[in-house]
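Make the full structure from the sequences, and use the hints.
Residue numbers are given in numbering that gives the first Met the number 0: position 59 of the sequence shown equals residue 58, and the series is strictly consecutive.
Derived by calculation from the structure, the hints in this document are not laboratory data.
Cβ atoms here follow ideal geometry from the backbone N, Cα and C, with glycine treated the same way.
One or more of the hints may lead you astray.
[Unchecked claim] Simulated restraints on C-beta separations: (1) P178 to A98: 50 to 60 Å; (2) R170 to V95: 23 to 33 Å; (3) R76 to D48: 31 to 41 Å; (4) E90 to D48: 22 to 32 Å.
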Amino acid sequence: MDLRKGILRALAGKGAEDRQAAAGYVAHLVADPSDADVAWLTAIMLSHDDDHARWELRYARRALGLLVAERDALDDRTPSLVADALEAALERDPNVAAAKVDVALAQFNVRLAAYREAFRARNPREALAPRLAREILSFSTAVPKDRDLAIAEGAVVMSRFMSDAADALRRAFGEAKLPEDIPPSQIAGG
Numbered sequence: 000m001d002l003r004k005g006i007l008r009a010l011a012g013k014g015a016e017d018r019q020a021a022a023g024y025v026a027h028l029v030a031d032p033s034d035a036d037v038a039w040l041t042a043i044m045l046s047h048d049d050d051h052a053r054w055e056l057r058y059a060r061r062a063l064g065l066l067v068a069e070r071d072a073l074d075d076r077t078p079s080l081v082a083d084a085l086e087a088a089l090e091r092d093p094n095v096a097a098a099k100v101d102v103a104l105a106q107f108n109v110r111l112a113a114y115r116e117a118f119r120a121r122n123p124r125e126a127l128a129p130r131l132a133r134e135i136l137s138f139s140t141a142v143p144k145d146r147d148l149a150i151a152e153g154a155v156v157m158s159r160f161m162s163d164a165a166d167a168l169r170r171a172f173g174e175a176k177l178p179e180d181i182p183p184s185q186i187a188g189g
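Okay, structure coming up:
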């Protein structure tokens, strides 16, 4: 009986550590986009709306962070913890009026679905980052004079968001440690 209590206590502690790691990871994801990224997107938007550009970049960074967690996490529970922490962060975001939290969550979920579809699509003629760039251009109502250039520039931004998220995920949750003397195929039972 004492062993069972000890195991349950250890699991509860691990759960708290994981929630804390998710909160740390999400703190990275909710950082405001750079002024340079906002200026780039604002310049090619139909409305030239700085606030709209900033929100689209915020949504993109957060959505890509969740998708990176789904793809790269070492533990199957991590994406759920990240999703919960993202929702909690949005609910207390000082940039969102309390009466508009549901609207912001709905907008985020629409964007997440679109980014997820682009993330999962397989197209041998187009890499992931340009597919994601097309999504942010669409949501921001961008009408660039040179669409190919805008997609290339957007791909750089989306690649950076994903790379930053992957680095932050490793810092928050750790990275896989494989024994140096055993090939990965043997560990997986190959």
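| field | Violating hint indices (sorted, rising) | value | No hint contradicted; all consistent.
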